[in-house]
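Trainee: Chains A and B, in that order, give the protein sequences. Residues 1 to 96, numbered by my numbering, are exactly what the first sequence covers, in order. Residues 1001 to 1137, numbered by my numbering, are exactly what the second sequence covers, in order.
These aren't lab readings, by the way, just hints derived from the structure by calculation. Honestly, I wouldn't trust all of these hints.
[Stated by the list, open to error] Some chain B residues flagged as far from chain A (calculated, every beta-carbon gap over 12 Å):
| no. | residue |
| --- | --- |
| 1 | V1047 |
| 2 | E1057 |
| 3 | L1062 |
| 4 | P1102 |
[To be verified] Derived DEER-like restraints, expressed as beta-carbon distance ranges:
| no. | chain 1 | residue 1 | chain 2 | residue 2 | range |
| --- | --- | --- | --- | --- | --- |
| 5 | A | F25 | B | G1054 | 37 to 43 Å |
| 6 | B | W1097 | A | L37 | 53 to 59 Å |
| 7 | B | R1007 | A | S2 | 49 to 55 Å |
| 8 | B | F1086 | A | F25 | 56 to 62 Å |
| 9 | A | L89 | B | L1022 | 32 to 38 Å |
| 10 | A | L11 | B | D1106 | 37 to 43 Å |
| 11 | A | L37 | B | R1007 | 48 to 54 Å |
| 12 | B | T1068 | A | L67 | 33 to 39 Å |
| 13 | B | G1110 | A | L11 | 40 to 46 Å |
| 14 | B | A1056 | A | T36 | 29 to 35 Å |
| 15 | A | L37 | B | L1107 | 48 to 54 Å |
| 16 | A | A12 | B | V1078 | 47 to 53 Å |
| 17 | A | L11 | B | E1136 | 50 to 56 Å |
The structure displayed is predicted, hence computed values, not measured ones. Here a beta-carbon is modelled for each residue, glycine too, at the ideal position from N, C-alpha and C.
One letter stands for each residue in the lines below.
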Amino acid sequence: MSLSGLEIKTLATGLALAMVGIALFLTFIRLVRGPTLPDRVVALDLMGVLTVGMIAAYEIAMEQPVLLDTATVLALVGFLGTVAFARYLERRGRDA
Amino acid sequence: MTSLILRTATRFLLPLLVLFSLFLLVRGHHEPGGGFSGGLVAAAAFVLYGLAFGIAEVRKALPLDPRTLIGSGLLIAVTSTTFSLFAGQPLMTSLWWKVAIPGFGDLDLGTPLLFDLGVYLAVAGVTLLIILPLAEE
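In isolation and in its complexed conformation, chain B is listed as follows (with noise of 0.2 Å):
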């Protein structure tokens, strides 16, 4: 059932896969990417795993249970969009810093990204675990 050239080749392709997960999710507020797409590549990446390992074995690599990654992730979700209300702002208002990073130049962070992890976590959750018992069958 598990091939060895499979194996091989996940062990090369889950780190990509996960980096470029977070790439997508770090820079979708400029350019496309953002929360939904970099979760289902995260997610995607699971699968793979699951599909070279077994998938008991992904329950084991998982840090959380999906359910648990959706809820965390709506909570942090929600949460960013209230951070405007307390700066005298309309809800769901973007707020932003600029942080100088030396020999570099400006790192946008602001709300926008928190809201993006939020989306990514949920994302990732929710196909997990549609994904995870359909494959266990």
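Only chain A is shown next, with the shape it has when bound in the complex (with noise of 0.2 Å):
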């Protein structure tokens, strides 16, 4: 049995977009339960490195290019909002 390529495009994003949507409720769950703040502060910065991983994905399977600027700016501003968050608990404190 031989694959043509593309099937193995089709089978390979549409695992990848599985696989990121699994791991994007696991963490959500994370994120709701989070026993403290910085829990979630780390859940919400995973969760927007995965909406990267996804974006990437669905670009590669609807092949849309300008998609990808999407993601550069998500990637490049994302974590800005955990810095802030990251100041925002060293100022009040460790205890959730």
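Hints are included, so try docking the two chains, each in its own frame, into the full complex.
Mentor: Here's what the structure looks like:
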């Protein structure tokens, strides 16, 4: 059995999207349950990174190179919120 | 308060953010992007600089006061819409010049780019005007 290039691409992107989707769901559980605020901040940051991965996989599946710029902006700006959260946590102490 | 890792990362990321904001600005009239998103990314670059080095450093690094940025941005945007009047066309009509660059192709220059530049300055100014006092508290 041999797969054509198109089939491999569909399979790979579908698999990648499903895996990122599951990861997003698990991260979301941590975001909701996270016992302390730092847990939630890390979960939020991870969600941003996973979204970048999801956009990239979707870009390959749909062949829309424009979407890559969205991923670039998200990757560049996404961690800014985490840094701001970290500063806020530092100021108010580690206790949740 | 200031972390060495963040300051070192900022030195690498700041030029990248500013370059990307300009990239979004200049290609905005043919593909996604434009003055608004470019201005937001530029403001994000300055906010990152402020988080790493302190807001006072941002005020020193900014060439103009955010209020001046808003005013000049609006002035540029409004002025760019009136050029078409002199060409005998309705207000806000886009005017284009094709500039041929050897070995590269045609470069589209026009009043929309000027309008985008005004939006870019205004959006960056507004965002900084809102965020800088919040971060200074």
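Trainee: I'd like to know which numbered hints this structure contradicts. Please list them from smallest to largest.
Mentor: Result: hints 1 and 11 break, sorted rising.
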